[in-house]
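Asker: Letter by letter, the chains look like this.
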Amino acid sequence: MSFGELRDIGVSYDKKNLILEDLNLDIHKGELLSLLGPSGCGKTTTLRVLAGLIETVKGTFTLDGQDMTHVPVHKRDFGMVFQSYALFPHLSVFENIAFGLKLRKVEVPSVTKQVQKIVDICGIKGLEKRFPKQLSGGQRQRVALARALVIEPKLLLLDEPLSNLDAQLRVQMRTSIKRIQQELGISTVFVTHDQEECFSISDRVAIMQKGKIEQCDNPETIYSNPACEMIARFVGFKNFFSLDQKDLLGITLPAKIQQAKLVCIRPEDIGFSPSGTLRGTIEVRTYLGNSYQYEVNTPAGMLTVSSNKTPACEVGESVSMAFPADALVFLER
Amino acid sequence: MKTTRYFFAVGPYLLLSIACLLLPLVFTILPSFFIPSFSLTYYTDFFQDSFSRGIFFRSLRLSLITTLICIFIGLPTSYYISLRPQRRRQIIVSLIMFPLLTDAVVRGFAWISILGKNGMINQFLMNLGIIEDPLKLLYTDFAIVVGSVYLFLPVMISTLTSVMEGIGDDVVEAAYSLGASPRVTFFKVIVPLSFSGLLVAGVLVFSGTISAYTTPTLLGGNQNMMLASLLYQQSNTLSNWTTSAVIAFIMILVSLGVMKLLNYLASRIDKRGVDHV
Amino acid sequence: MYKHRFVTIIAFITFAFIFLPLILIIVTSFNSADTISLPLDGFSLQWFGKVFKSRSLVQSFKNSLALALVASFIGIFLGLLSSIALVKKPGKVSNALLSIFLSPSLIPGIVIGYVLFHFLVVKLQIPLLFALVLGHLLVVMPYCVRIICASLKDIDESLEEAARTLGCPPVKAFFLVVLPNLRPAILSSFMLSFINSFNNIPVSMYLKGPGMNTLPYAMMNHIEYNYDPTVSALSVMLMGMTLVFMFIMEKSMNSQSLKNETVRSE
Ligand SMILES: Nc1ncnc2c1ncn2[C@@H]1O[C@H](COP(=O)(O)OP(=O)(O)O)[C@@H](O)[C@H]1O
Ligand SMILES: [Mg+2]
Chain A
1 MSFGELRDIG
11 VSYDKKNLIL
21 EDLNLDIHKG
31 ELLSLLGPSG
41 CGKTTTLRVL
51 AGLIETVKGT
61 FTLDGQDMTH
71 VPVHKRDFGM
81 VFQSYALFPH
91 LSVFENIAFG
101 LKLRKVEVPS
111 VTKQVQKIVD
121 ICGIKGLEKR
131 FPKQLSGGQR
141 QRVALARALV
151 IEPKLLLLDE
161 PLSNLDAQLR
171 VQMRTSIKRI
181 QQELGISTVF
191 VTHDQEECFS
201 ISDRVAIMQK
211 GKIEQCDNPE
221 TIYSNPACEM
231 IARFVGFKNF
241 FSLDQKDLLG
251 ITLPAKIQQA
261 KLVCIRPEDI
271 GFSPSGTLRG
281 TIEVRTYLGN
291 SYQYEVNTPA
301 GMLTVSSNKT
311 PACEVGESVS
321 MAFPADALVF
331 LER
Chain B
1001 MKTTRYFFAV
1011 GPYLLLSIAC
1021 LLLPLVFTIL
1031 PSFFIPSFSL
1041 TYYTDFFQDS
1051 FSRGIFFRSL
1061 RLSLITTLIC
1071 IFIGLPTSYY
1081 ISLRPQRRRQ
1091 IIVSLIMFPL
1101 LTDAVVRGFA
1111 WISILGKNGM
1121 INQFLMNLGI
1131 IEDPLKLLYT
1141 DFAIVVGSVY
1151 LFLPVMISTL
1161 TSVMEGIGDD
1171 VVEAAYSLGA
1181 SPRVTFFKVI
1191 VPLSFSGLLV
1201 AGVLVFSGTI
1211 SAYTTPTLLG
1221 GNQNMMLASL
1231 LYQQSNTLSN
1241 WTTSAVIAFI
1251 MILVSLGVMK
1261 LLNYLASRID
1271 KRGVDHV
Chain C
2001 MYKHRFVTII
2011 AFITFAFIFL
2021 PLILIIVTSF
2031 NSADTISLPL
2041 DGFSLQWFGK
2051 VFKSRSLVQS
2061 FKNSLALALV
2071 ASFIGIFLGL
2081 LSSIALVKKP
2091 GKVSNALLSI
2101 FLSPSLIPGI
2111 VIGYVLFHFL
2121 VVKLQIPLLF
2131 ALVLGHLLVV
2141 MPYCVRIICA
2151 SLKDIDESLE
2161 EAARTLGCPP
2171 VKAFFLVVLP
2181 NLRPAILSSF
2191 MLSFINSFNN
2201 IPVSMYLKGP
2211 GMNTLPYAMM
2221 NHIEYNYDPT
2231 VSALSVMLMG
2241 MTLVFMFIME
2251 KSMNSQSLKN
2261 ETVRSE
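Protein chains in written order, with the working numbering: chain A, 1 to 333; chain B, 1001 to 1277; chain C, 2001 to 2266.
Same shape as in the complex, but just chain A:
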């Protein structure tokens, strides 16, 4: 049994259309789990279900063996960082961070100490007396994070925390977030639509589409074993074939694959070799710096192949290609 479990969650805003449909998600203790998916696929909604900010129409949410489904937001003890940061404009940085502690009736000296500690960790020392309006985007981000962390939440929820920052700051902040998360060992759910950001810092990634989790695994597994065509395209597979074409390609279905609809391979895994099983003609060549990418016209369709073979092949040249068995990925969807 996992630390946190969403089971068969259904959410509807208008009582007709389900935005989330039978959603299942496991959260492991101390991990940084990312929700990745295109805009509008239901990431924020899932996060708000975890936070308790929306009612579900069905399903349960348990955390640490406790049923949280009907626990109101303010009794959940989760920390949440909103996309807009939602810093209280009428309170100073210190008061913003101390807000949750004061509600928990923590003694004043202890409040000061805990705020100091989190301020240090989040790297916003010296800003305590300022008001949110007087902070830069990155500083606001850190204050929002500190405010959520200071209550020692059981779960930290981050909704696209980096989307309002510029590119350079984004890279810097994501490292900070990862460092702080590791330091405090806090279980975290991180919502993003940026694939690179997500793969770089996550322990596990849940890929969402249209209100469903398509695959939830560690980044390496997703990278090498995507669960469906959408994810495969997402992580860099460019050549897709239906299984009817397997004889044309000269490949065989491994025994352990029971049923598959598609087979795919990355451009860099296709090899040019005289003993190749498929022949074709090069139509376009582009230079990528350390390799060339070729568009090859074959009986199986147009393929994308990248190769650093020298001398490079010429447009119009006829080549034969090999498909190494261990580079092939079979997809059921």
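Bear in mind the hints are in silico, worked out from the structure with no lab data behind them.
There could be a bad hint or two in this list.
[As the list claims (entries may be wrong)] Result set (DSSO-like, lysine-lysine): computed pairs, CA atoms no more than 27 Å apart in a straight line:
1) A:LYS117 - A:LYS105
2) A:LYS117 - A:LYS133
3) C:LYS2092 - B:LYS1260
4) B:LYS1260 - C:LYS2153
5) C:LYS2050 - A:LYS58
6) C:LYS2172 - A:LYS113
7) A:LYS15 - C:LYS2089
8) C:LYS2050 - C:LYS2062
9) C:LYS2050 - B:LYS1002
10) C:LYS2088 - A:LYS15
11) A:LYS75 - C:LYS2089
12) A:LYS154 - A:LYS246
13) A:LYS16 - C:LYS2088
14) A:LYS58 - A:LYS212
15) A:LYS256 - A:LYS309
16) C:LYS2172 - A:LYS133
17) A:LYS105 - A:LYS125
18) C:LYS2062 - A:LYS154
19) B:LYS1002 - C:LYS2092
20) C:LYS2062 - B:LYS1002
[As the list claims (entries may be wrong)] Okay, the calculated bits of chain C under chain B, using three or more residues with CB under 8 Å as the criterion:
21) 2041-2048
22) 2178-2186
Cβ coordinates follow ideal geometry from the N, Cα and C atoms, glycine included.
Given the coordinates of chain A, work out where chains B and C with the ligands should sit on it, guided by the hints.
Answerer: This is chains B and C with the ligands only, laid out in the frame that chain A set:
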């Protein structure tokens, strides 16, 4: 939010609106259409009577004149203000808003002291020997118009100023670079671009003037009544309920009608503006 | 930058037109002559003293003050309640209600005064004082609802949600997080409500009972019977009050939103 809570929260004001606005309006105005079956007789009577018809058209005329004067004075003044540096602009606008927040009686009183028989203007002209007998300025249509312009000019100026602030310097500079003189720029660029604001402010001035009571009463006296003073006279002094209802309904119709019409025009013009950009 | 001579001349004439009458009142209120005239005779504060000696003016000032305070406080409280409902539950019903709540500012004041009088006082025989308060509530309602609604819509919804995730129960979250951020809106709707109620003539005129005169109407009567600088002195005091209000408003909010509010106490 639960439905019961929702209605609990909007309840007091909803009740107030129904009990103190809707019901009174219906209860008061409906009978003016029935004698006892549906009829417009009271309304045709109102317009056949030369006295009340005169007041109706005077109200329309004076409101229109007031609006036009506000526009002609307001346009250049607002343009002048909009060209000032930001800080000074804010101060001027605040100062202009000041009379608006001052009691209408105070403002009317000021004009009585200026236009009255022994008022400033007459004193001044008589001291200079230009006239021998005081001019009759107070208790005239002229006085009503002056007072109404005084009342609503700040509305016109503040609306136009904020519209003109929105017109970019680049547009003006483009006009200059194309060889337009300041005068041409003002009339061909600034005025057309301020047109929708002009309409909005025009509505406020017009409907404000036609429904005003204090200023026309103080400055127009009993001879030069407007609709509002007529309504008060009919209802309070004469307890003439049906005529009062007729006047009330006409006043609502005119001010809402003008508002709807000009707002519609303004939105049309706004759309055209967006399309062209 | 080109100079616009024409524009500048008109602007200065306009400024003179707007400010000279008020300056005239201020100057003559300190004049010792007992008519409103120039040139000045000498400095005197007697007219200010006269204001305080006039029982009808002092009494009606107190009445107006009390009325405006009561109307503004109740108006804002109810305005807050309804604005929360209207903003929290957007939709057709809320839009319709909003236009209903704003409608008193579209209907001529004298018509409101008359129909209230006719219905509440003549027909239902409601006590005048009660009718007067209801009438003034109607006068302030649009200001309270419009300003507070607009400000509430501007406040990021996730502010309240953030408070709740930090352990704040819903009602407390409203008081700790939303209300403090509504302060400028509440202050400015209070000012506008107060000024509009205090300066209102048409509604008060119909609903004032015996011994319940309001200041603007008392001033109108005073002008009719005794034309002397007492009213100037009183006007100066009222202008002082307005000035204080404007100063507070300017401090608490940007003048932009003040500018967009048209005062229709006429
Ligand atoms: N308050 C709401 N009312 C109605 N529909 C909503 C609301 N919030 C989100 N949705 C819909 O739910 C879907 C998922 O939204 P969301 O969870 O915000 O997506 P994401 O965060 O992945 O971009 C979208 O199609 C959106 O239109
Ligand atoms: Mg989202």
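Asker: Next, verify each hint and record whether it holds.
Answerer: Structure-based check of each hint:
The straight-line distance between the Cα atoms of LYS117 (chain A) and LYS105 (chain A) is roughly 18 Å, inside the 27 Å bound, and the hint therefore holds. A threshold of 27 Å between alpha carbons decides the hint, and for LYS117 (chain A) with LYS133 (chain A) the separation of about 23 Å falls inside it, so the pair holds. As the CA atoms of LYS2092 (chain C) and LYS1260 (chain B) are separated by approximately 21 Å, the hinted pair is consistent with the 27 Å bound. Restraint check for LYS1260 (chain B) and LYS2153 (chain C): the C-alpha separation of about 26 Å stays at or below 27 Å, so the hint holds.
Taken as a hint, the LYS2050 (chain C) and LYS58 (chain A) pair is broken in the structure, with Cα atoms around 76 Å apart against an allowance of 27 Å. With a CA separation close to 25 Å, the supplied pair LYS2172 (chain C) and LYS113 (chain A) stays within the 27 Å bound. Under the criterion of a C-alpha separation no larger than 27 Å, the hint pairing LYS15 (chain A) with LYS2089 (chain C) is consistent with the structure, at around 16 Å. A distance of roughly 16 Å separates the Cα atoms of LYS2050 (chain C) and LYS2062 (chain C); the hinted pair therefore holds under the 27 Å criterion.
Annotation: proposed proximity of LYS2050 (chain C) to LYS1002 (chain B) is violated, straight-line Cα distance about 57 Å (limit 27 Å). With a C-alpha separation of about 18 Å, the suggested pair LYS2088 (chain C) and LYS15 (chain A) falls inside the 27 Å cut-off, and the hint holds. Among the hinted pairs, LYS75 (chain A) with LYS2089 (chain C) is consistent with the structure: their alpha-carbon atoms are about 25 Å apart, no more than 27 Å. Restraint check: the Cα-Cα separation between LYS154 (chain A) and LYS246 (chain A) comes to about 50 Å, which exceeds 27 Å; the hinted pair is violated.
A distance of roughly 21 Å separates the Cα atoms of LYS16 (chain A) and LYS2088 (chain C); the hinted pair therefore holds under the 27 Å criterion. A hinted pair counts as satisfied when its Cα atoms are at most 27 Å apart, and LYS58 (chain A) with LYS212 (chain A) qualifies at roughly 15 Å. For the hint pairing LYS256 (chain A) with LYS309 (chain A), the CA-to-CA distance comes to about 33 Å; that exceeds 27 Å, so the pair is violated. About 24 Å separates the Cα atoms of LYS2172 (chain C) and LYS133 (chain A), which keeps this hinted pair within 27 Å; it holds.
In summary, the hint linking LYS105 (chain A) to LYS125 (chain A) is supported, as the alpha carbons are separated by about 24 Å, within the 27 Å threshold. The straight-line distance between the Cα atoms of LYS2062 (chain C) and LYS154 (chain A) is roughly 59 Å, outside the 27 Å bound, and the hint therefore fails. For the hint linking LYS1002 (chain B) to LYS2092 (chain C), the alpha-carbon distance of about 16 Å falls within 27 Å, and the restraint holds. In summary, the hint linking LYS2062 (chain C) to LYS1002 (chain B) is not supported, as the alpha carbons are separated by about 42 Å, beyond the 27 Å threshold.
For the region 2041-2048 of chain C, the assignment as covered by chain B is violated, since 0 residues bring a beta-carbon within under 8 Å of that chain's beta-carbons and 3 are needed. For a cut-off of 8 Å, the count of residues in the region 2178-2186 of chain C with a CB near a CB of chain B stands at 0, and the three-residue condition is violated.
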